[in-house]
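**Student:** Sequences listed follow chains A and B, in order.
Going by the working numbering, the letters in the first sequence line up with residues 161 to 234, in that order.
Going by the working numbering, the letters in the second sequence line up with residues 1003 to 1212, in that order.
Simulated from the structure, these hints should not be mistaken for laboratory data.
Warning: the hint list may mix true and false statements.
[Claimed, not checked] Which stretches of chain B does chain A cover? Using the computed rule of at least three CB atoms under 8 Å from a CB of chain A, they are:
(1) 1009-1019
(2) 1121-1133
(3) 1172-1184
[To be verified] Below, in silico cross-link-like pairs of lysine to any residue (SDA-like), each with a Cα-Cα straight-line distance of 25 Å or less:
(4) B:Lys-1086 - A:Ala-232
(5) B:Lys-1086 - B:Arg-1194
(6) A:Lys-163 - B:Gln-1098
Treat the numbers as computed from the prediction; the structure is a model and nothing was measured.
Glycine included, C-beta positions come from ideal geometry on N, C-alpha and C.
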Amino acid sequence: MSKLIRMDASGHSTLAEWTSDDTTAFDDAVREFRTALDEGCIGVLDQGAGQAEQIRELPRDAELVIMRRPIAGG
Amino acid sequence: MAAEALAELGAVPWRKPTDARFLRRYARIWLGWTVAYTVPFLAAVVVLMALEPLAFPVALASLAHAWIIPELYAFRGASVVRPKGPRNERSEPVAQGLLGDLLGHDARELQRRTGLALERGRMGVWLVGEAGALLLTPGRSRVHCFCVRTTDRELPPSDRIAHLLLALRSDEQGFATVANHAFCGARWRVRRRLPVAMRPALDAARATAS
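Pulled out of the complex, with its shape left as it was, chain A reads as follows:
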């Protein structure tokens, strides 16, 4: 089961879940992903071992995609 989450004041919220063979659920996830992008979030695919990738399209086979807010110098 793949999951799209957004870090927020509650810790994190699950925006969508899908499996690779469930097209409807994946399409819903894509919509949620794009909505979060439009709201200013940045999609990140953590690849472990110190690596992560910013993404603009939701990969169907991703296990976990995290939406984060932008950072700035303090």
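Given chain A's structure and the hints, the job is docking chain B onto it.
**Tutor:** For chain B alone, kept in the frame of chain A given last:
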């Protein structure tokens, strides 16, 4: 394929990339600056004592300045990783769970004990806090202190760390460029100004960097 540059770089187009060369130059500037404001006070001590030993109290005050001013800078540097903002006790356990999933076993334990997430990068070893990060460059005993935070201040502390960690993992050089460079100085001086609970994280970073 090269990794995509950090999205936030668009907000600071005037900044030159903070790479290893930039960090070496920045460290030299801070060292020169420290010498420049310390040596005159030390010279005053020597001159005063040579001219008039009764000026001992004034010489002592000058010596104190030579010690205290670098300590104040180090305090400012160490403060970038001090806990800041709302603690969000109710949602923090959820955020802590996600952050734990992002970290390896040892880094997870260290973060829970010290509040700092250790991350090995190409530029050195990072310690990521809620609103800042420390970088130990390889083979050097100096610490770079960066002030950087998420733009959502309502996030629980562990989510703030996770934000910075994911940005760092996405583009290390971009992360260092977006962050404000607050200080660079001797590791021992920064360590003395860190909260006691955080000092083991700096020791672990040193062991990892060497």
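**Student:** Are the hints correct? Go through all of them and say.
**Tutor:** Status of the hints after comparison with the structure:
| no. | hint | verdict |
| --- | --- | --- |
| 1 | 1009-1019 | holds (count 4) |
| 2 | 1121-1133 | holds (count 4) |
| 3 | 1172-1184 | holds (count 6) |
| 4 | B:Lys-1086 - A:Ala-232 | 15 Å, holds |
| 5 | B:Lys-1086 - B:Arg-1194 | 19 Å, holds |
| 6 | A:Lys-163 - B:Gln-1098 | 18 Å, holds |
Checked against the numbered hints given earlier, the structure satisfies every one of them.
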